[in-house]
Amino acid sequence: MSKQRKGDTKDLSRLLEIDKAIHEPARLMIIAYLSVVESADFIFLMNQTGLTQGNLSFHLSKLEESGYVAIKKRFIGKRPHTMLSITDKGRQTLKEYLSTMKGLVDSLAGSQPIKEGAEQK
Amino acid sequence: MEQLDIKALEKKAFRSFYKDGIYDLFMGLILLSFGLPLIFNEFGWIDYETITMPLLIPLIVNVGALLFFVFGKKCITVPRLGIAHFGKTRKRKLKHVKLLLAVSVLIGVIMFFLSLFKVFPVGGTTGIPLPFVIFGIQSLLIFSFVAYFMDFTRLYLYAFLFAVSLPLTFWLKRNTELLYPSLWVFTLTTVPMLAVGCVVFIKFLTQFPVRKDQGIGNEQTEKR
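Chains as they are written, first to last, in my numbering: chain A, 1 to 121; chain B, 1 to 224.
The shape of chain A in the complex, shown without the other chains:
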């Protein structure tokens, strides 16, 4: 096996280490928006992400289970109001995720492409 190929395998295997909770596009979008604010309510997040109420609710539940998002529910008068914020763990995970993805993209961009029709040795 060539050095080039060994390096490729090692870099790509890092994909397996990616946190799947945050890797899902909708959840990544949610956590990214929460990372730029101190807190935001459900409606704000729905508008920014473009997700439906049900979809957003599902993904937020997943993120809360993973400990990345804190959810505070209260009532304003008779209306429910949900405030969301990213946890320290969520912030750290996002940082590591972005760093991993950047490293992967950079290493893939730098590696030689396999030519069509070339035999594998």
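Accuracy of the hints is not assured; some may be wrong.
Pairs of lysine to any residue residues, derived as SDA-like cross-links and limited to a Cα-Cα distance of at most 25 Å, are as follows [stated by the list, open to error]: (1) B:K7 x B:S144; (2) B:K93 x A:S39; (3) B:K12 x B:K88; (4) B:K212 x A:T49; (5) A:K89 x A:M101; (6) B:K88 x A:E38; (7) B:K74 x A:T52; (8) B:K11 x B:I76.
Label pairs and their computed distance ranges (CB to CB) [claimed, not checked]: (9) A:S61 x B:L141: 45 to 51 Å; (10) B:K73 x A:L104: 41 to 47 Å; (11) A:H23 x B:K93: 30 to 36 Å; (12) B:A8 x A:N55: 19 to 25 Å; (13) A:K89 x B:P192: 45 to 51 Å; (14) A:E17 x B:K73: 43 to 49 Å.
Just so you know, the hints here were simulated from the structure itself, not pulled from any lab data.
Glycine included, each C-beta is placed from N, C-alpha and C at the ideal position.
Place chain B on chain A using the hints.
Relative to chain A, chain B alone:
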């Protein structure tokens, strides 16, 4: 690269609160409040012998504009756009904005009373009273800084419109035969703000319906 993307995201989120057009309408109404006494005076509806009407008209319009802003944000924007509390950097910028606006209001009030009691002479050959020159310069500078801190691009144009309004009115009065210069100038400066505000506001109402926060886990199960 990561930092740039996050910054752009934060800016996008913050700027979404300008989608309601309420700031534009508010700015337009404030500028209109400066022009109405001048316009009414041109038509002979009020005079400056007593200071009641020249004070009362801007006061009524300013209070109306402020009420519209506060209740508009609370009753129209928040149910549609939601609430977000931004971080320390943004809070620090907003503090600068509040300070700048307080200074602007103070300068405006001082200049208003000085011009009312004719403390400053008319400025040189331009025929523009000094308070209005000062008003123009401070409007341009302060609103430009506010536009920078608030990432509100349209405010740069509004700063210019504010800056030229009063000085141009007096220059036209002194140096041209134009009838009703106040009416012309304040129509040309306030209409863009109010028109943009109305268009953006109507677009906002159609694009952002009132949403109900059903909370997490209260929705019906759907296919994912």
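Here is what the structure says about each hint:
For the given pair, B:K7 sits about 21 Å from B:S144 by alpha-carbon distance, which is consistent with the 25 Å threshold. For the given pair, B:K93 sits about 18 Å from A:S39 by alpha-carbon distance, which is consistent with the 25 Å threshold. Proximity of B:K12 to B:K88 is assessed by CA-CA distance (about 17 Å); at most 25 Å being required, the pair is judged to hold. Of the supplied pair hints, the one linking B:K212 and A:T49 holds, its CA atoms being roughly 16 Å apart against a limit of 25 Å.
Distance check on the hinted pair: A:K89 and A:M101 sit about 18 Å apart at the alpha-carbon level, within 25 Å; holds. Between the alpha carbons of B:K88 and A:E38 the distance comes to roughly 9 Å, so the proposed pair stays at or under 25 Å and holds. Distance restraint check for B:K74 and A:T52: the Cα-Cα separation of roughly 23 Å lies within the 25 Å cut-off, and the hinted pair is therefore satisfied. The suggested pairing of B:K11 with B:I76 holds, with an alpha-carbon distance near 22 Å, which does not exceed 25 Å.
About 50 Å separates the C-beta atoms of A:S61 and B:L141, a value consistent with the hinted range of 45 to 51 Å. Checked against the given bound of 41 to 47 Å, the beta carbons of B:K73 and A:L104, roughly 43 Å apart, stay inside it. About 33 Å separates the C-beta atoms of A:H23 and B:K93, a value consistent with the hinted range of 30 to 36 Å. For the pair B:A8 and A:N55, the beta carbons lie near 24 Å from each other, so the given range of 19 to 25 Å is met.
For A:K89 and B:P192, the hinted distance range of 45 to 51 Å is satisfied, since their beta carbons lie about 49 Å from each other. Range check, A:E17 to B:K73: Cβ separation about 45 Å, and the 43 to 49 Å hint holds.
The structure fails none of the hints (numbered hints given earlier).
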